[in-house]
Each structure stands twice: as structure tokens, then as C-alpha cells.
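Each chain is listed here by its residues.
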Amino acid sequence: MELKDKIEKHLLEVQKPSRYIGGEVGSVIKDKSKIDVRFAFCFPDTYDIGMSHLGMKILYSLTNERENYWCERCFAPSEDFEAIMRENDIPLYALESLDPIRDFDFIGFTLQYELSYANILNMLDLAGLPVFAADRGDELTNIVIAGGPCVCNPEPLADFFDIFVLGEGEEVNLELIDLYWEMKQQGATKTEFLRKACHIEGVYVPRFYSFVYKDDGTIDHLVVIDGAPEVIRKRIIKDFDSVYYPENFVVPFTEIVHDRVSVEVLRGCIRGCRFCQAGFIYRPFREKHTDTICRETKALCENTGYDEVSLASLSTSDHSEIDPMLTKLIDYTAAERINLSLPSLRVDNFSESLLEKIKKVRKSGLTFAAEGGTQRLRDVINKNVSEEEIMNTCSIAFRGGYSAVKLYFMMGLPTETDEDIVGIADLANRIIDLFYSIEDRPKGRGVQISISCATFVPKPFTPFQFEPQDTREMIEHKQKLLLDSVKTKKIKVSYHDPNVSQLEVILAKGDRRLCKAIYTAWKKGCKFDSWEEYFNFGKWIEAFKECGIDTSFYANRRFEYDEILPWDHLDYLVSKEFFIRENKTAHTAVTTPNCRLRCSGCGVNKKVGRDCFC
Amino acid sequence: MLRVRATFKKTGRAKYISHLDLNRCMLRTFRRSGLPIWYTEGFNPHPYYAFALALSLGFESECEILDFNITDDNMPLEEIRDRLNAVMPEGMGIVSVALQEQKITAITKAEYSFSLVTDNAVKLMDDVNKLISGTEILIEKKTKKGIKTVDIKPDMEIITCEKTEDSVDIVMRLPAGTQTNYNPMLFAEALKNSGAEPFEAEKFVRRAILCDDDTIFK
Numbered sequence: 001m002e003l004k005d006k007i008e009k010h011l012l013e014v015q016k017p018s019r020y021i022g023g024e025v026g027s028v029i030k031d032k033s034k035i036d037v038r039f040a041f042c043f044p045d046t047y048d049i050g051m052s053h054l055g056m057k058i059l060y061s062l063t064n065e066r067e068n069y070w071c072e073r074c075f076a077p078s079e080d081f082e083a084i085m086r087e088n089d090i091p092l093y094a095l096e097s098l099d100p101i102r103d104f105d106f107i108g109f110t111l112q113y114e115l116s117y118a119n120i121l122n123m124l125d126l127a128g129l130p131v132f133a134a135d136r137g138d139e140l141t142n143i144v145i146a147g148g149p150c151v152c153n154p155e156p157l158a159d160f161f162d163i164f165v166l167g168e169g170e171e172v173n174l175e176l177i178d179l180y181w182e183m184k185q186q187g188a189t190k191t192e193f194l195r196k197a198c199h200i201e202g203v204y205v206p207r208f209y210s211f212v213y214k215d216d217g218t219i220d221h222l223v224v225i226d227g228a229p230e231v232i233r234k235r236i237i238k239d240f241d242s243v244y245y246p247e248n249f250v251v252p253f254t255e256i257v258h259d260r261v262s263v264e265v266l267r268g269c270i271r272g273c274r275f276c277q278a279g280f281i282y283r284p285f286r287e288k289h290t291d292t293i294c295r296e297t298k299a300l301c302e303n304t305g306y307d308e309v310s311l312a313s314l315s316t317s318d319h320s321e322i323d324p325m326l327t328k329l330i331d332y333t334a335a336e337r338i339n340l341s342l343p344s345l346r347v348d349n350f351s352e353s354l355l356e357k358i359k360k361v362r363k364s365g366l367t368f369a370a371e372g373g374t375q376r377l378r379d380v381i382n383k384n385v386s387e388e389e390i391m392n393t394c395s396i397a398f399r400g401g402y403s404a405v406k407l408y409f410m411m412g413l414p415t416e417t418d419e420d421i422v423g424i425a426d427l428a429n430r431i432i433d434l435f436y437s438i439e440d441r442p443k444g445r446g447v448q449i450s451i452s453c454a455t456f457v458p459k460p461f462t463p464f465q466f467e468p469q470d471t472r473e474m475i476e477h478k479q480k481l482l483l484d485s486v487k488t489k490k491i492k493v494s495y496h497d498p499n500v501s502q503l504e505v506i507l508a509k510g511d512r513r514l515c516k517a518i519y520t521a522w523k524k525g526c527k528f529d530s531w532e533e534y535f536n537f538g539k540w541i542e543a544f545k546e547c548g549i550d551t552s553f554y555a556n557r558r559f560e561y562d563e564i565l566p567w568d569h570l571d572y573l574v575s576k577e578f579f580i581r582e583n584k585t586a587h588t589a590v591t592t593p594n595c596r597l598r599c600s601g602c603g604v605n606k607k608v609g610r611d612c613f614c
Numbered sequence: 001m002l003r004v005r006a007t008f009k010k011t012g013r014a015k016y017i018s019h020l021d022l023n024r025c026m027l028r029t030f031r032r033s034g035l036p037i038w039y040t041e042g043f044n045p046h047p048y049y050a051f052a053l054a055l056s057l058g059f060e061s062e063c064e065i066l067d068f069n070i071t072d073d074n075m076p077l078e079e080i081r082d083r084l085n086a087v088m089p090e091g092m093g094i095v096s097v098a099l100q101e102q103k104i105t106a107i108t109k110a111e112y113s114f115s116l117v118t119d120n121a122v123k124l125m126d127d128v129n130k131l132i133s134g135t136e137i138l139i140e141k142k143t144k145k146g147i148k149t150v151d152i153k154p155d156m157e158i159i160t161c162e163k164t165e166d167s168v169d170i171v172m173r174l175p176a177g178t179q180t181n182y183n184p185m186l187f188a189e190a191l192k193n194s195g196a197e198p199f200e201a202e203k204f205v206r207r208a209i210l211c212d213d214d215t216i217f218k
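Protein chains in written order, with my numbering: chain A, 1 to 614; chain B, 1 to 218.
Any given hint might turn out to be false.
Only pairs whose alpha carbons sit at most 20 Å apart, straight line, appear in this in silico PhoX-like list of lysine-lysine [what the hints assert, rightly or not]:
#1 B:K203 to A:K4
#2 B:K192 to A:K6
#3 B:K192 to A:K9
If you're looking for bench data, these hints aren't it; they were derived computationally from the structure.
Throw the hints in and build the complete structure from the sequences for me.
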């Protein structure tokens, strides 16, 4: 029986079958016989989540622009379909050809969040491949690679992959495939290919590196073999305005998480919030021109038929042409009856006329990522939001008819005291007072403040990479304190599970010794850890214990400034000296201005060889 | 304004698109086509279009009906067809486009074909005949008010029932439309419950959407 028939035989037994059969508008079908290199782009979560990922859309289209390469999509099946696949010997397959991915030249994963790591092992296993790279043999096919933000510390996954691609993939991916095709024709082995590939900037081949540890468990030194580079530098696109951007997306049948056109307006961030990994690993700040953004928006809307567009960036308001850009975009979307969604937009410095226009298109609620409860703590984390700004915007919003405000906070931030936790409740109370002090507030409705509290997870390549995470007991104390400080039903408080955050920090700051533990956890049945109904912390703890891993070594220990970090050999352009300087400044509760106001010397401009703003 | 009735097909991989998803899919198809489709004029204007009948997930059909309005009176019907076909997903396509003649309420039944695949077609054929020639065929139908037991025998019309080497192939008509809808899978269910030879029901196809006098709905 052909694989397609096998799949179809059982497809009506599962939830949302259209996720498993392809055929969507915009998906790229090619003639197999004319293809030289096949690439399976795998997202280690379900279709509904993976299909929302912008990076996949970009690299999918980019690779398929080349006639002789074929990039296809592959996602983790939900539990019901996985059971059917395993029962009926259906190997993991790609959605365009419905061919098993184990026959592909490249199997590429995107590492978007730590909690998807176990899914990667599960997908390799479903594909019928050994999960450890060392067990996959030295034949050239296939090469298992990964990219995405979590690659900035890939060590916990080092044993499973042949290659990690650091930074932006638009150029390096094709360079890598080109080299592969060239060497495939010469009959090269995997080792021969990897030896050459590791000299492409941005390409990290973990098997050429090994760590020697001290007695206390920290890293003594790194051993580099086979002439691989001592330091691997991430790739960036220098001319961002003219970088490839797809004119079409695959349009899913079933509803996905972000079911709309997404247009990237800028990359990098000028803000420098000290907890934010994205704010540092995507530097330098680069933006697209208004005309480029409008052209890409129009092409995508016309080709996909979506009636909703969202602007993708870390902080859209920081675009230097924000006013004319939004004016022009809104003129187009309004005429075409397209909804424009503007997530996390600061509205404080807009012109009156633009504000009027935004009001018309903006339907979402009012959300603030205040992150810290007191100004002191917000200064520590360099979150440059002042209470005055929050109050001003709330005041405008209440007058405009809003009566619900959502506030995001983190708990367990460096230097945090009980006072900062009580400060969260105080801030919410002052917003309630503000609401009732406004004469023309919305009538007939009370004000509703939702507080959402995440547990702080220190991440590599941030000034807080050295910081320990609060222990479970500390977090529970703070959660209780916050609940006790809230004395009105107008405030609703919700939390994240601190166990989830603990697993995140272990995987984020871990080293190569964790590979075994991830493997063990997966063997115990861990997968879909970002899904509440699947997350099983007990099994993870068992796995760490069995592998002799002390979780507090990674989660609750301060990493010293002069310690060799598991990611020190990876160069994300921002210097370690800068992170140390910023860490020290944080502990004195002093802020660092944003990059546009003053260069803080993170080192990116020197390495890129030009000013960030010219 | 042109009141258009399109006949479209939903075959191959497209049979896995649920009715809810089909709605969204059509909306995007219209937008891609750039056709001047008429929007409702209420508080929240949206393009107006309506399916005559919902097609069950997994069913194929080449006779599905989609109604919509085109604001350009002079647009040739062939152009509407071609522009939609140029942007349709794989497995879907407009078979023909005409102006609406009858009211949706004129639909009273539909014709379906399906296969009952089995190891023992002779025995299954007997079981099918037994069920058909009985006094009643009771099925459990989920309604808004809960599960209801219904006798589909009076409303069911067998067109053909043939035995092949490994299956029994059936064509039948069942009530469809704004009043009553019976799904042919219910017949397969009833057959299973009657203790018939084990089988797998597959290849469900809706072959025609019909009026009371057995003519094709237009």
C-alpha cells in the first residue's frame, strides 16, 4: 500500500484531519524527478502552532525559489494521529509529497522554545531515524540541522544534531544546501561534508567540540578538533530592506494560532530590556522602508486571500517611519476591508490624525507589559515604562470606552523583594482609582484589571544570563503574598506553573551533559511539554536524577562572570563584557538608555563594521 | 446585481476540509479571485455567500451548491467561473456557474454512493437485502434536543445495490435540505448494528442534490 493510502485509511478517525494531508493553497508541489536536494522543514509542535511561525514561511519560500531544491513542511502529529502512525507503520512524512522524511537530504528543525525539545526526539523517532547523531552513520544523507533562537545555546541538544545554524537563515541556508549538493555529486561522506560546512559563517558542528569540566561541575575548557573554528559567529542580513520576503504563504484550511498575513517591519530591538533574549540575539536593529512594507503587505493579501494583517517585530513603535507607515498601510487595508492588527504598540507619541485612524482598526484590549511592580524594579530590568506612561495611556483608553486592562508581570526578577510584589497590587489599585476619577468613563460597567504573572527565566545572551532563578519555595511565597495583597474582585490574578519555568531555565542554560537527560525524559514519555495537559514535571525530575543531573546547578546557581559558559564559544555579536557591565548596572538599579538615544557599546556595530543608525 | 449559483466539486485531499473550514476557505478564495462580490450592509459588512447543503467530512462531491452575489451586472458567468478556478485549492473547482433559479427550500433529497468493503461480499449482500426488505430501519440521530431514534426506511430510496468481488456498492437517495437531513453513514451504522458481516464503509460521494420531483436542483 502506498503511504498516501495508508494515511487516508485512518484520517477520518482523527481530530482536524486536514492538518495531515497537505494540499493547501500556496503549498509548493514539484516534480520529484527534477529535484537534487530535498529539505524537510520540521516544526517540533503541532500544525496549528507550527504553521503560524513566520521563519518557516520565509525559509520555505526562499528554498523553493531554487528550481532543483524542494523544501516541504512537517509537524508533530497530535497524540491521536501519532498512535495511528505507530500502529500502522506510517513514518513521519512531509505534507507536500507525503514522502517519509527519513529519505530527505536535510531534516531541519526550528528551535523556538525549550519546551519543544522532547518533541524533536519524538519526531526523529517517528521518522524512523536514530535520535543520536552518532548512531545515524557516516553516509551523507541525511543531515539533521536546527536553527532559531534557542540555537544560541544548543548544547542540551548537541548529541542529536549534525549542524546548528546560528542567526538569520536567509543566506546561510542556501550556502549550506549548495555545498551539500556539490559534495553529494562528489560522493562525499557526512564527516567530509561537515568538515567543510563548519567553515561557513554561522554553521556550528557540535561534534567537533567537546567540553572538559572542573570538579565543581563548571566548564574547564573547550576542546576543538578537526580544524573547526574556535568561535562561531551568527549570521545577519546586512541589507534588511532588500532581504528576500515571500509573496505567498501556505494558507491552511484549519484555523491556526496566528491565522493572518504577517509582515516583518523590523529586526532587532533598541530597548535593551535586561531579561529579554530576543532583544539581544537579534541585534543589530534594522528596518524596512515604508514602501517595502506596503508592497509586501499588498502582495501577500492578494495572493493568500487573508483579510487580516499583522505587523511582526519586537517593537513596531520603534520604526523610524511609524507614522507615515501606518498611515499608508491603514489607507490600503481600510479600502480593501482588511483588518490590521497592531500587537504591542505604544501609542504615546502618535499624531492626533493617526490616533484617530488606529482607533478605527484597533479592536484588541489594552495590554501593558509592565514586568515589574515598582519603578525601582523596572529600572533594574531596564524596562523603560514609567507609571506616568501607564496612567496616561489608561486614561486615554478609559475615555475611549475601554474598561479592561491586562498587565503582564514577571516574578522572581533579580533583586526583587516583597515590596516589589506588593507593588504589583498597588499599581493595579491605582489604575482602578484612575478609572473612577474619570468623568466620562464607560458607564454601566466596572473596571477589570487582569494581572498575569510569569516566573522569570534567566536566558543566555542577556545581562541576566548569570542570574539564578528563584526556587520553587520563593516563588510560592511571592505568589501567596500577591494574592493576599489583592483585596478587590476588580483585580484578577493568574500565574504560570513555576515547574514549567524551572524546566525552561534548566534547558535554556544547560550544557551538553543534559542530552542524556532529555533522551531519558523522552523515553519516559515526555512530549508536548508546553501543553499543560501533557507536561509531566515528575518524569523530568526522574530523568534528571537517573542521569545524575543536579537541577539547581543550572536553575538556582549564580553563574560567575569569569566562568566559561556553555555558550561562550558562540558569538551573537553582543560582547560578554557588555553583559557583565549591564548586569552590574542592573544591581545598582540604574537604567541604560535605548540605542537610538545613546550607544551603550554592546559591540555589535564594531563587529558588523558600521553604525547601527545612519 | 447577479444572483449567482455555482456548482463546485470537493474531491481528493479537499474532502478532509470540514464545513467550518470550507467557509473560511471560500472567503479567501473569493478574496484571491478579486471578484466584485456583494457585501452585506449591516453593522459589520462581510461578503455574502451560502452553501445549499453541508457536506460531511470525508465525503466527495461534484455537485455542491454555493450561492453568492456579484455587483457587476455585466460580468460573464464564464469569467466568474474561470477567476475562481484559477485560485481554488487542490481538489476543489467550480464545475459550472448559473443564475439562481429555484429557492434553496426546493431541495428535498440528495443521492449518495458508497462502498461496503468486506471479506465476504456474498454474505454481506444478503445482510443488506435483509435490512432493506425489513419493516423498518431504525437509526440513532443526534439532534439539538439529544439522541432521537428515527426510522429512515420510509424516506430511503435504493437506486442500485451491487455486489463486487470484495464489496457491496450502494447508491441511495435520502432526505436533504432545510427540513430533514439523513446521512448515508447512518445506514451503514444500522447495517452494522443488525449484526451483518463485518465491513468498512468508504468512498462516500454525494452524486446529486435533488428536488421533490427528482429533478436536479437549479
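Here is what the structure says about each hint:
1. B:K203 to A:K4: With Cα atoms ~15 Å apart, K203 of chain B and K4 of chain A stay inside 20 Å; holds.
2. B:K192 to A:K6: At roughly 23 Å apart (the allowed maximum being 20 Å), K6 of chain A and K192 of chain B break the hint.
3. B:K192 to A:K9: Holds, at roughly 19 Å.
In the structure shown, a violation is registered for the earlier hint numbered 2 alone.
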